[in-house]
Amino acid sequence: QKEVEQNSGPLSVPEGAIASLNCTYSDRVSQSFFWYRQYSGKSPELIMSIYSNGDKEDGRFTAQLNKASQYVSLLIRDSQPSDSATYLCAVYYGNNRLAFGKGNQVVVIP
Amino acid sequence: KAGVTQTPRYLIKTRGQQVTLSCSPISGHRSVSWYQQTPGQGLQFLFEYFSETQRNKGNFPGRFSGRQFSNSRSEMNVSTLELGDSALYLCASSIDLNTGELFFGEGSRLTVL
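Residue numbers (our numbering), protein chains in the order written: chain X, 1 to 110; chain B, 1001 to 1113.
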């Protein structure tokens, strides 16, 4: 069973602060990892992909990967109200098949 | 460029009926995958098609089936509907054979009464 765990409950952060989201996965052979954002009532959209250990930055988003610890994280710097959404961690298992975590809801308070 | 289009957007069925959902991928995308999203289980993989071939299938009963046509459009079918099949069914397309970078449609929300 390929599992992706996002255990944190809803995260409330003040506007301008850093939101930190974590994700662990069970399958050591996984090589590709993604973060999708899903606004309420909308479909998921890809915001970050990471394939190598270390950090990857894209604008206000930073993804971090540690394959030895089977751990992926997402940092959102200078959080904005428009960042309020559910963030889904996804692990790739080939043939365009993704296993998703259940998501973390982020609420940015103005 | 048009996105992934799913029809119908909303539908209500009763137990025992069957349903067919349709998905048109982004032009040029040949991989189409289907996911079920529920509050309790989150997003779960149903199946993926590339060039009319099912390459991968998730852990769902045989009541769930799909197909892909030569123009990459895809349909999924659920027979003998159960209350637990109520969910948002999301279709996603990808330009490449093997990237994991998916573009999702807005989904078809199925309610089974």
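Hints are computed from structural coordinates only; laboratory data are not their basis. What you are looking at is a predicted structure, and each value in this text was computed from that prediction instead of being measured. Where a beta carbon is used, it is the ideal one built from N, C-alpha and C, also for glycine. Among the hints, a few may not be true.
[What the hints assert, rightly or not] Mimicking BS3-like on lysine-lysine, the simulated pairs with C-alpha atoms at most 30 Å apart in a straight line are:
(1) X/Lys67 with B/Lys1057
(2) B/Lys1057 with X/Lys42
(3) X/Lys102 with X/Lys56
[As the list claims (entries may be wrong)] Pair ranges (Cβ atoms, derived):
(4) X/Ala17 with B/Gln1054: 38 to 48 Å
(5) B/Thr1053 with X/Arg77: 27 to 37 Å
(6) X/Ser8 with B/Gly1028: 20 to 30 Å
(7) B/Thr1020 with X/Ser40: 44 to 54 Å
(8) B/Arg1015 with X/Asn53: 25 to 35 Å
(9) B/Gln1041 with X/Gly94: 32 to 42 Å
(10) B/Leu1083 with X/Val29: 31 to 41 Å
(11) B/Thr1111 with X/Gln105: 32 to 42 Å
(12) X/Lys42 with B/Phe1069: 24 to 34 Å
(13) X/Ser69 with B/Leu1011: 36 to 46 Å
(14) X/Gly41 with B/Gln1018: 25 to 35 Å
Tested hints:
1. The hinted pair formed by X/Lys67 and B/Lys1057 meets the criterion: a straight-line CA distance of about 26 Å does not exceed 30 Å.
2. Between B/Lys1057 and X/Lys42 the CA atoms are separated by roughly 25 Å; this keeps the pair inside 30 Å, and the hint holds.
3. Restraint check: the Cα-Cα separation between X/Lys102 and X/Lys56 comes to about 23 Å, which is no more than 30 Å; the hinted pair holds.
4. Taken as a hint, the range 38 to 48 Å holds for the pair X/Ala17 and B/Gln1054, whose Cβ atoms sit roughly 45 Å apart.
5. Checked against the hint of 27 to 37 Å, the C-beta distance between B/Thr1053 and X/Arg77 comes to roughly 43 Å, which is inconsistent with it.
6. At roughly 38 Å, the beta-carbon separation of X/Ser8 and B/Gly1028 lies outside the given 20 to 30 Å, and the hint is violated.
7. Between B/Thr1020 and X/Ser40, the C-beta spacing of about 27 Å breaks the proposed range 44 to 54 Å.
8. Range check, B/Arg1015 to X/Asn53: about 49 Å between beta-carbon atoms, so the 25 to 35 Å window is missed.
9. The given range of 32 to 42 Å is broken by B/Gln1041 and X/Gly94, whose C-beta atoms sit roughly 22 Å from each other.
10. Judged by the Cβ atoms, the range 31 to 41 Å given for B/Leu1083 and X/Val29 holds: they are separated by roughly 37 Å.
11. About 23 Å separates the C-beta atoms of B/Thr1111 and X/Gln105, a value inconsistent with the hinted range of 32 to 42 Å.
12. Taking the beta carbon of each, X/Lys42 and B/Phe1069 are about 27 Å apart, inside 24 to 34 Å as hinted.
13. Roughly 43 Å separates the CB atoms of X/Ser69 and B/Leu1011, a value that falls within the hinted 36 to 46 Å.
14. Our hint of 25 to 35 Å for X/Gly41 and B/Gln1018 holds, since their Cβ atoms are close to 27 Å apart.
Figure legend: structure checked against the earlier numbered hints; hints not met, in rising order: 5, 6, 7, 8, 9, 11.
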